[in-house]
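Residue numbers (our numbering), protein chains in the order written: chain X, 744 to 1082; chain P, 744 to 1082; chain H, 744 to 1082; chain U, 744 to 1082.
Some clues are possibly wrong.
Which copy? The list can't say, so a pair holds if one copy fits it or any two copies do.
To be verified - Below, in silico cross-link-like pairs of lysine-lysine (DSSO-like), each with a Cα-Cα straight-line distance of 30 Å or less:
| id | residue 1 | residue 2 |
| --- | --- | --- |
| 1 | K810 | K891 |
| 2 | K939 | K810 |
| 3 | K1021 | K793 |
| 4 | K829 | K891 |
| 5 | K861 | K813 |
| 6 | K1021 | K810 |
| 7 | K810 | K861 |
| 8 | K793 | K939 |
Think of the hints as simulated: they come from the structure by calculation, not from any bench.
Protein chains: 4
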Amino acid sequence: MIVVMSSRATGDQIERVVERLQAMGVDTNVSRGVSRTVIGAIGDVTCVDKDVIRALPGVEEVLRIQKPYKIVSRDSHPENTVIDIKGIPLGGEQIQVIAGPCSVETPEQMRAAARGVKAAGCRLMRGGAFKPRTSPYTFQGRGVEGLKMFREAADAEGLPIVTELMDVRMLDTFLEYEVDVIQIGTRNMQNFDLLKEVGRSTQTPVILKRGMAATISEWLMAAEYIAAGGNHNIIFCERGVRSFERAYRNMLDVTAIPVLKKETHLPVIVDPSHAGGKAELVPALSYAAIAAGADGLLVEMHPTPCEAWCDADQAIDSRQLQDLMAHVGGIARVLGRSV
Amino acid sequence: MIVVMSSRATGDQIERVVERLQAMGVDTNVSRGVSRTVIGAIGDVTCVDKDVIRALPGVEEVLRIQKPYKIVSRDSHPENTVIDIKGIPLGGEQIQVIAGPCSVETPEQMRAAARGVKAAGCRLMRGGAFKPRTSPYTFQGRGVEGLKMFREAADAEGLPIVTELMDVRMLDTFLEYEVDVIQIGTRNMQNFDLLKEVGRSTQTPVILKRGMAATISEWLMAAEYIAAGGNHNIIFCERGVRSFERAYRNMLDVTAIPVLKKETHLPVIVDPSHAGGKAELVPALSYAAIAAGADGLLVEMHPTPCEAWCDADQAIDSRQLQDLMAHVGGIARVLGRSV
Amino acid sequence: MIVVMSSRATGDQIERVVERLQAMGVDTNVSRGVSRTVIGAIGDVTCVDKDVIRALPGVEEVLRIQKPYKIVSRDSHPENTVIDIKGIPLGGEQIQVIAGPCSVETPEQMRAAARGVKAAGCRLMRGGAFKPRTSPYTFQGRGVEGLKMFREAADAEGLPIVTELMDVRMLDTFLEYEVDVIQIGTRNMQNFDLLKEVGRSTQTPVILKRGMAATISEWLMAAEYIAAGGNHNIIFCERGVRSFERAYRNMLDVTAIPVLKKETHLPVIVDPSHAGGKAELVPALSYAAIAAGADGLLVEMHPTPCEAWCDADQAIDSRQLQDLMAHVGGIARVLGRSV
Amino acid sequence: MIVVMSSRATGDQIERVVERLQAMGVDTNVSRGVSRTVIGAIGDVTCVDKDVIRALPGVEEVLRIQKPYKIVSRDSHPENTVIDIKGIPLGGEQIQVIAGPCSVETPEQMRAAARGVKAAGCRLMRGGAFKPRTSPYTFQGRGVEGLKMFREAADAEGLPIVTELMDVRMLDTFLEYEVDVIQIGTRNMQNFDLLKEVGRSTQTPVILKRGMAATISEWLMAAEYIAAGGNHNIIFCERGVRSFERAYRNMLDVTAIPVLKKETHLPVIVDPSHAGGKAELVPALSYAAIAAGADGLLVEMHPTPCEAWCDADQAIDSRQLQDLMAHVGGIARVLGRSV
């Protein structure tokens, strides 16, 4: 951390900054230049609050050099982390496409969906039993009953399951149903108590979706909350961010993929369905994500999309999923990977 | 709800949309124009999912005419709602400035803060015992112990307290300490299980802060989650939204104030401290908020700002709070209100 | 400018940065700390390109301490600049409300508008003869003929005129018609050749509207283009920026007002009409702007708003303008100013 | 266009809307439903201003069904348009990578750059003689002299040239130097007089970069300004938009590619260099762009990037360009295209 003092800062003010930093347990190095003094803070400054220092009299700017995240940082673990999901590797050479319906509706729908996922060559299945809906008056998910339907349908095809946890009080139920990957949704990216709980109570892999308008740095820090609790099996999922554009739902931040791959050793996947919000955009966004270096996709697929109970206009069907897998495979090979 | 069919839509497709709408319990009115057919859905369409209709074959556009929110809508309650907080009215002619420190630190700090709040003529006090921090390695709040310190300091001055609830499992403790106003923070605006719980388990007034990049419509729907549970004592708090601008922390959306006052009968307040993120911006933003029609402010005040444990650079001190109250009073009077 | 070298930077790399900076005419001060070296660049670094330095091997971060703008900076001129517009002061104690129609339509409309502006107590009149329209197929303004109608109507009431210049080739015509204030629209904020021309060819005051998504820093730099040419009579006009919110047209950045008043000595005004995009929002936004410290307003007023040829839903009428002036006056007095 | 009247609209108000629409030359179809009246406007409504209709008393919502753009719309021309640039096709099966330095510096630099572009297998060269710089105090480009250097260096390798036109008064010089593709920069996307001039005075292909925060619809309308003048040789170039994210310069809107390919028959290319703002991000963004369906790329390449006079940290070198071409070719083949 570099603290740049104002050109009018007094010796007392400089002294006070040094004392405050030392009280926080870091060493300092004061460099008095011709026009201004620069104080370097040396050591572990992750616990030093930049705002607290900036508020001290005489301080002009505070520049953080070290990253505020530790466990999730690639500095702490230069190799890619490959997460093992019931034997399926995520984050390695092989790309994983996680497919399935937005929401669990009926046992029949889930069985048909599971067959479609399997037939397309996907190895993991997604589906929502608890749904975060903008309106309290629309379908809120099938709940625990839905979890059961999902478990049965996926087991029949030997597919590990990915589903969203919204309420911290439901975690035990998730563990009871042996949910294979817990998804934390975009609206809960900074629900810190939920993050802490999935960090300390389980080793189940967690997909952490990016908040609606979260910076990459905040997202890495949210993951750090999970990691700090002891669970390092974290998968980042880019799903588009809020923007001024109205031609589609969210703006897929494809640049976040190479940035994250540089900053963290953890896997990065992309949800092209929630990003664009339209089935017709899913192929282009999926190809772009893989081309940019993503380790996988989280795709909404429904046996009969126009009968879906929610987000009906963004699901693709089984046949489209197969076509998508073929092209994703082609692009993966160009980049030295496989599906 | 108006469903505009594509100019190439077939009679079968039109029929199917009509059937789907009727299955959802609404009446329809089909108008066949020269170039295209328009279907009107009549009745209560709050439970009709716009996306589900848009996904049907032949549909070009779906336009929602009725608002998707009900209880919080001014249509359902034309008069302003005045919320009673231990005898202090919020939402009426009198403007309320809720002041206090970002976080509860020590009993001494809280006593000094309470005296400052009272001396400035404020009638309600704020303070955080549980703090949502971007980093897991920085100060996370004093917790239950902090709640106790806050209660005691505020009681000594006869001030009702406002404090943030982050974890649904902590609600009973909040009720035990008789927290007078529960604050739901920006990161939890769409933590739907938390909203449902403060809606059905208590009648304690709730301040619902706007999400980092939430639209006004999503914000009203989040409030509707609380209201649908039975608690109608909801206060909206604008606190700035995410933007591209880097000269300050968040962009205060002053336009949201008149828009909300038109859409809802519930009180609207503004947090100028988290908006600008700098103490020097607090007066100008406070005056702007009141001038635009806000019913109150939520201001960070600390007895000795540069010693604050968090957000040190955005707190004003007691003397500045007094000056702020004087100007807020002047502007209020121009608009026919008082402080 | 502070250049922070990477902890792995070699002596050669440090040497090269120093040489490059010195070649650009600035002095350097090298401070070798325990973990990293920091190079301070001393002197006038406005012409040093931050990106060029950041691209050099071994550089980790470049921090600009000095502002990149000079003439428009308050550092160069601590007192407020009061611009004289045919005897009307802008930027001083007295607040100016510039009112008039979006576009010049007919001589009758302009005469009625001028009478309304005068009757409300405003001292300056606005009106567009050349209109920047999103579509090439909608009304593009009355052109030179409109300029003439405007000049005549305003002269009859003794009002100086404000009108938008879009095409650099039209500047001579503007000077011929003695336009009193040249407005540069939001879409041309970074039309650098236009800025250079109004900077070097005239001393006519220029209202520089903020670009649709321009940062405050870019805006100040755009003004610096005008100032560098010799014309220092520049007025900043905040008019709302692009955002994700859909309940109104643009998001008025009220925080930009106190930020600009701190950074520059030049006047700052606000256009509440283009910001909200709706007549009903104009009063609240106007009051907020004045309360936040703006030196004036640029308001769309039309004798019969619902007959306006463009932006019909954002114009207020004469009666509403009078009411607005009364409240603006009240707020101004609370802040020690007048209208 | 569908005009939805308020449920409280009177017969007179409905009549007035009908009259106003008919006065604008469109037919109307009034459908009186149970709860509200809907008016359909039939015929060419491109010249009908939505805002003017919305401002009429009794109108609740105005929904535009037809697109406001005509010549550039795929509706008007279902096949892809392939633009011929001195024999090089853009918009067809073959992908074009346009490479070259940010700015023209010296004859030697341009010759080395041209050789590098040619050696990598690119068929078109870019370079800036006139530079839009944020600061008036940094390098503004070599001007006409630079244009000459560029022309000579490119001619020696047989490469058509792409360069930016900022000032409408410079168009004749561009035509004199036979610039092969005129680039309109992001800051001039809505400089309507410049657009009109390149529309009516020349048939030279125009690359129209997207404005900093322009919606796709505004961008299409800007192109329509050029097309309406008679020049239909327009190429859209996505270059990233303004966002809240600070980890890179602009957010590449990869979703804009499939959306544009659906809306328009004209070619779409991507500038990965200005999007990310860092050389290390160029490959990932280039692959993503091609995978999403772009017809080409506009890449900054410099013989010795760290000596570049501007944007030094975003240029790749000749060797990196060759590697990029190889991967782009691989991805193109997966999608049935070539480089």
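Now for the hints, and whether the structure bears them out:
no., hint, in the structure
1, K810 x K891, "neither (42 Å within a copy, 35 Å between copies)"
2, K939 x K810, "within (21 Å within a copy, 37 Å between copies)"
3, K1021 x K793, "between (41 Å within a copy, 13 Å between copies)"
4, K829 x K891, "within (19 Å within a copy, 46 Å between copies)"
5, K861 x K813, "neither (38 Å within a copy, 43 Å between copies)"
6, K1021 x K810, "between (36 Å within a copy, 19 Å between copies)"
7, K810 x K861, "neither (41 Å within a copy, 41 Å between copies)"
8, K793 x K939, "within (23 Å within a copy, 35 Å between copies)"
The structure fails hints 1, 5, 7 (numbered hints given earlier, in ascending order).
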